[in-house]
Amino acid sequence: MPRMEVYTDHCKGCELCVEICPAGVIEMSEEINKLGYHPARYKGEGCTGCGFCFYACPEPDAITVYKKED
Amino acid sequence: MAKDILRKPKGFNDVYFNKPGADKENTHYCPGCGHGVVHKLIAEALEDFGVADRAIMISPVGCSVFVYYYFATGNVQAAHGRAPAVATGLKRANPDSIVISYQGDGDLGAIGGNNILQAANRGENITVIFVNNAIYGMTGGQMAPTTLVGQRTMTTPYGRSVENEGYPIKICELLASLESPAYLERTAITDVKNIMKTRLAIRKAIKVQIDNKGFSLVEILSACPSGWRMTPRKAKEWITTNMMPYFKPGVYKDVLNERKPYAPAKLNLSLDEIDEKLGLKEEAPSFPGDMSGLKENHRNPRIKVAGFGGQGVLMLGNVLAEAGMLQGYEVSWLPSYGPEMRGGTANCQVHIDEDKIGSPVVSDSTVLIAMNKPSLDKFVPDVVPGGVVLYNTSMIDQAPRRKDLEIIPVPASEIADATGDLKVANMVMIGAYLETTKVVSKEAVFAALDIAIKHKGFIPMNQKAIEQGIEHVRKIKG
Ligand SMILES: Cc1ncc(C[n+]2csc(CCOP(=O)(O)OP(=O)(O)O)c2C)c(N)n1
Ligand code: SF4
Ligand code: SF4
Ligand code: SF4
Ligand SMILES: [Mg+2]
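One line per chain: the protein sequences are A and B, in this order. Note that this note's numbering numbers the first sequence so that position 70 is 70, with each residue one more than the last. Going from the second sequence to this note's numbering is simple: count from 1 and add 70.
Here chain A stands alone, though its shape is the one from the complex:
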C-alpha cells in the first residue's frame, strides 16, 4: 500500500500538503515539534501515492512518499 511519512522535526506546519492531498489523508497534529510548529501527519490509510504532497512541501526532507509497498 502506498503511504506518506512526515519527518516531524522538519515540518514547519504550513499546511500546504494538507491542502493539496486529493485523498484528504493528511492532517495537522496537536503536538509541537522541535521547530515550534504543529507538524503534519499521515492519517494512516488512504494514500494513493500520487506524490503531490511531496512536491507541494517547501521543506526538502519533511515528506517522503512510498508509492508502492516497501
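Calculated from the structure, these hints are not laboratory results. All values reported here derive from a predicted model rather than from experimental measurement. Even for Gly, the Cβ is constructed at its ideal location relative to N, Cα and C. None of the hints are false.
Beta-carbon label-pair distances, calculated as ranges: (1) A:K34 to B:L244: 39 to 47 angstroms; (2) A:E27 to B:L339: 58 to 66 angstroms; (3) A:K34 to B:D324: 38 to 46 angstroms; (4) A:T8 to B:D345: 54 to 62 angstroms; (5) A:K34 to B:G349: 56 to 64 angstroms; (6) A:T8 to B:K426: 53 to 61 angstroms; (7) A:E30 to B:N327: 52 to 60 angstroms; (8) B:T225 to A:S29: 37 to 45 angstroms; (9) B:E328 to A:E5: 41 to 49 angstroms; (10) A:E27 to B:D93: 23 to 31 angstroms; (11) B:K336 to A:E30: 54 to 62 angstroms; (12) A:E27 to B:F119: 29 to 37 angstroms; (13) B:E249 to A:I32: 50 to 58 angstroms; (14) A:K34 to B:K73: 25 to 33 angstroms.
Keeping the supplied structure of chain A fixed, place chain B with the ligands upon it in accordance with the hints.
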C-alpha cells in the same frame, strides 16, 4: 521516470554543513515559502540528470542568498543583481559545468536589470531560475519592480500606484523581445498542475544548457507569506487570483528546434601557460637593480608627479615605472584623470619597490616632482620628512619653505627649451631625479623610453633632455 520513493533529492546536501549554528538540517526559509519548493525541484532535476557534481549555483542577494547551504553543487555568491555576469564568467571558463543563476525579483528585476538583459542578449548558455514573489522578501517586504498595482508593501503602504511607481515589470515578455534567448517560460507554484508545469520547465531549462542550446530562464510566481503578511494557504491563493492574471504563465520563447548546439572548446591550460598567454611570466630583468646601497630616504620611493595637463606628467611617471620594472623591481603607476586633464593640474602616483606593493595609491609621498606652482603648493604638505622635492624653477618662483626636505631646484622648462622643445621638460626632471637618487639607472630609463614613446624620431631629443637633467644635478651638487 517513475520513482517508487519520493524523498529528499540528492541534489541537496544531506547535512547543511555550511550553515552556522546548531541546526544543520532545516532550511532558513519561512513556513510556506516558495523558495523551498523551487529548491526541491532544482535538486531533483540535478539528481535525475546526474549533473549535481558539475553544477555551480550562483546565489543572489535576497532570501535565497544561502543557496550554498543546501545544494550539493559548487556555489558562488554574487553581488546584488550580478549573478548573470558571474554565471557568464564561470560558464565560459568551464564550459562543462552546469551553471544556474538563482535570483529573486528584486535582485534580477531591479538592481540587476541590465545584467540579466545583457546575459540574455548575449545568449549565454546558462540557466536562470527567477523567483518572482512580487516583493523584497529578505529586507522586510519593500516594493519590488514586480509588485502588483495596488499591492501594499512596506514602501507602498497605500498600495503601488501607477502614477507614482509605474506598472510591474514583465521579465519574460521583456526578454522575449530579444532574438538570442532560447527558452523562456513563466510558471507558478500553486496547485498540482502548476507545480508540475514548474517542475517540467525547470528540467527543460537545465536540459537546454546540457544540450548547449543557449540561454534559458524560468520565471516562477512564488509565495512570500511573510512579506505578504498572509498564511501560506492564503498566499498560494493570492498567486492564483492576483499574480497570474497579470503575470500570465506560459512559454514566451522556445526556439530549441532552430538552435544548433554550440559548445566552445574547453581550454586546458596549466597555470604556467595562462601566465605566459597573459604576459605575466616572470622574466629576468634586463637591467638588474639594487637599492641596498642607496640612502634610506631614496629607497623604495613613493613618487607623486604633478603639473599642468600637457606637461607630460603622466608620461614622466610611466617612464619611471617602466624603468623600475626593467630593473626587476615591483612597480605601480596610477594616473589621476578627471577634469584636471582639461588644462588644470594632472598627477600620477608611482611606486618602485623591492617588495610587493599593497596599493598603487601614494598618500604620503617620499618624492614629489612638481612641474608648476599649484602642484607644489598642493602636494608639498604630503611629503614625508626627509623626502625629496624636485621643482620646476622655470614656473615656480618660490622654493618650498619646509626645512625637513631634500630640495632640488631644476629649471626644467628652460633646459628643455634650450634642448629644442618645451615639451621635454618632463624628461629633464627624470634626469634630475635619477641623478639625485640613483633608484633607476640611465640605461634602464633609455630602454623604458623605447617602450613608452611611439614616434621613434622623438627619442634622441628625449634622451638629450634626460642627459641635461643629469648634468644639471651634477653641477648643483658640485
Ligand atoms: C547593493 C545592495 N543593495 C541593497 C541591498 C539590500 N537588499 C538585500 S536583499 C534585497 C532585495 C531582495 O529581494 P528579492 O531579490 O526579490 O529576493 P527575495 O528576498 O524576495 O527572495 C535588497 C534590496 C543589498 N544587500 N545590497
Ligand atoms: S501521496 Fe498523494 S494521496 Fe498520498 S498523502 Fe501525499 S498527496 Fe495524499
Ligand atoms: S507541506 Fe511540509 S512543511 Fe508544510 S505542513 Fe506539510 S509537511 Fe509540514
Ligand atoms: S521573507 Fe518571504 S521569501 Fe523570504 S524566506 Fe520568508 S517567505 Fe520566503
Ligand atoms: Mg522577491
